[in-house]
Amino acid sequence: MDAIRVATTQQRRVLVLLGSVQTALIFTLAALAVPLPLIGRALDLRRADLILLSAAYGLTFAGLLLFGGRLADRYGGRRALTAGLVLFGAASAAAPLASGIGTLLAARSAQGAGAALVAPAAMAVLRAVFPSPAAYGRAMATWGGLSVLGATAGNVLSGVISALLSWRWTFSVPLVVAIAALVLAPRLLPDTAPDRGRTLDLPGALLATAGIILVSYGLVVTDAQPWSSAGVLVPLLGGAALLTWFRYAERRARDPLLPPSFLLDRRRALALTAIALSACGTAMTFVVLSLHLQQARDWSQMQTSAAFVPFAVALIVSGRVAGPLIGRYGAAAVTAAGLGTGAAGLALLSVTGLDAHTSYAYGLLPGLVVLPAGVAASFAGAAVLAAEGVPQQQTGLAAGVLNTAMEVGPTVLFALLLSLGSDSWSLAATGAALAVAALLHHRTK
Numbered sequence: 000m001d002a003i004r005v006a007t008t009q010q011r012r013v014l015v016l017l018g019s020v021q022t023a024l025i026f027t028l029a030a031l032a033v034p035l036p037l038i039g040r041a042l043d044l045r046r047a048d049l050i051l052l053s054a055a056y057g058l059t060f061a062g063l064l065l066f067g068g069r070l071a072d073r074y075g076g077r078r079a080l081t082a083g084l085v086l087f088g089a090a091s092a093a094a095p096l097a098s099g100i101g102t103l104l105a106a107r108s109a110q111g112a113g114a115a116l117v118a119p120a121a122m123a124v125l126r127a128v129f130p131s132p133a134a135y136g137r138a139m140a141t142w143g144g145l146s147v148l149g150a151t152a153g154n155v156l157s158g159v160i161s162a163l164l165s166w167r168w169t170f171s172v173p174l175v176v177a178i179a180a181l182v183l184a185p186r187l188l189p190d191t192a193p194d195r196g197r198t199l200d201l202p203g204a205l206l207a208t209a210g211i212i213l214v215s216y217g218l219v220v221t222d223a224q225p226w227s228s229a230g231v232l233v234p235l236l237g238g239a240a241l242l243t244w245f246r247y248a249e250r251r252a253r254d255p256l257l258p259p260s261f262l263l264d265r266r267r268a269l270a271l272t273a274i275a276l277s278a279c280g281t282a283m284t285f286v287v288l289s290l291h292l293q294q295a296r297d298w299s300q301m302q303t304s305a306a307f308v309p310f311a312v313a314l315i316v317s318g319r320v321a322g323p324l325i326g327r328y329g330a331a332a333v334t335a336a337g338l339g340t341g342a343a344g345l346a347l348l349s350v351t352g353l354d355a356h357t358s359y360a361y362g363l364l365p366g367l368v369v370l371p372a373g374v375a376a377s378f379a380g381a382a383v384l385a386a387e388g389v390p391q392q393q394t395g396l397a398a399g400v401l402n403t404a405m406e407v408g409p410t411v412l413f414a415l416l417l418s419l420g421s422d423s424w425s426l427a428a429t430g431a432a433l434a435v436a437a438l439l440h441h442r443t444k
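Numbering-wise, numbering that gives the first Met the number 0 puts 27 at position 28 of the sequence shown, and it's gapless, one number per residue.
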């Protein structure tokens, strides 16, 4: 990508290493989506168990990201990255050995906790390696496309690996990346200085983590329980109360976990919204189409994974051109164009993609090319906007907020949209939201 071409040799190596780690984190998030039915049969799991298993990684990942970002700011990016990789790698090694739902849930939750420390720490190190604003902006344009690339790789490769070997082998990918990163980090990464003057807002961290996890869990279980049930309302209301308390407590904290002024910047708020919506569109497409292809069209896991190969190709191509476009037209313009293109892709999928009698080439393929071309550009532009103007001592915080938007946003929107209408309606509604966000970004260029 553009940032890699213009960087020095050392910077290129660091960007490749950290980019591989970030891609592996999101790969792990998506890795169980396709082989989940196989896991259910192998471990004799109920539907409720499968829902909780699919969400376990994302719950701890999203819930701990803000705190992970502050830990990276407080103790230094490389130290936090190393600690997170140790936990992430150990959990990835334990997961394939699980003999039941309890141990597998624990391993997935530990993976998410490690990832919540690794993701913001990696961005903090990246900021130290690319100190100039222009170079950091180019690096962030590349960084923005890595998450959706990881999600695509997770869906495509997990199906292939589970079909050829076993679902347990899908955990080998994050394990290998974690080991390689731990070996290379001392040689390649600078020892970023900790901010010893910063205190950790532990009460705020506890409130934010518990609130985000409870709300996310309440939304996840709407797939199996009605909105009016205690299993949904109790975590939703409890989580909302904790987040309200968190917002009040942050105004009084001496060194708040999330300074209230941090999200007041209009461009940053719109960028985070774009990230959340783009992530939602990608996640919605993977889940809806994976189920459609395997249930309505009776496709195998291998065929389902192969169906998303054009998605991955379009994503990589768009990611390569996004950096130069941002340099020429600006991050806001590229974000707006990406959101509009993504909206068009979702519209195509909602109109023709879910018709079981329409061929793959005419019904699914156009949307599976247009959508990733748009979301890759919107992710790249929005990542640049979200990090723009952030002081170096708040890089971990910015990374935590960015990744939280990417994780929590899809959880909220996904549950709301799927509960309110059909799969086609949900894809169309997500596309409409992307179109509105594109107009807002266009007006703020």
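Simulated from the structure, these hints should not be mistaken for lab results. Treat the hints loosely; a few may be bogus.
Restraint-style ranges between C-beta atoms, simulated for each label pair [as the list claims (entries may be wrong)]:
hint, residue 1, residue 2, range
1, G101, A134, 45 to 51 Å
2, L263, P189, 43 to 49 Å
3, S227, G99, 30 to 36 Å
4, S98, R246, 40 to 46 Å
5, S165, P390, 22 to 28 Å
6, G101, P225, 44 to 50 Å
7, V312, A47, 32 to 38 Å
8, P259, S227, 30 to 36 Å
9, V312, T357, 30 to 36 Å
Yeah, the Cβ is synthetic: ideal placement off N, Cα and C, and Gly gets one too.
Here is how each hint holds up against the structure:
1. A C-beta distance of roughly 47 Å is found between G101 and A134, which places it inside the suggested range of 45 to 51 Å.
2. The hinted window of 43 to 49 Å between L263 and P189 is violated, with their beta carbons roughly 32 Å apart.
3. For S227 and G99, the Cβ-Cβ distance of about 32 Å falls inside the hinted range of 30 to 36 Å, so the restraint holds.
4. Against the hinted window of 40 to 46 Å, the Cβ-Cβ separation of S98 and R246 comes to about 42 Å, which satisfies the hint.
5. The hinted range of 22 to 28 Å is not satisfied by S165 and P390, whose Cβ atoms lie roughly 47 Å apart.
6. In this structure the hint that G101 and P225 lie 44 to 50 Å apart at CB is violated, the actual value being about 27 Å.
7. In this structure, V312 and A47 meet the distance hint of 32 to 38 Å, their C-beta atoms being roughly 37 Å apart.
8. Under the hint 30 to 36 Å, the C-beta atoms of P259 and S227, about 34 Å apart, fit the expected range.
9. At roughly 21 Å, the beta-carbon separation of V312 and T357 lies outside the given 30 to 36 Å, and the hint is violated.
The structure fails to meet hints 2, 5, 6 and 9 from the earlier list, while all remaining hints are met.
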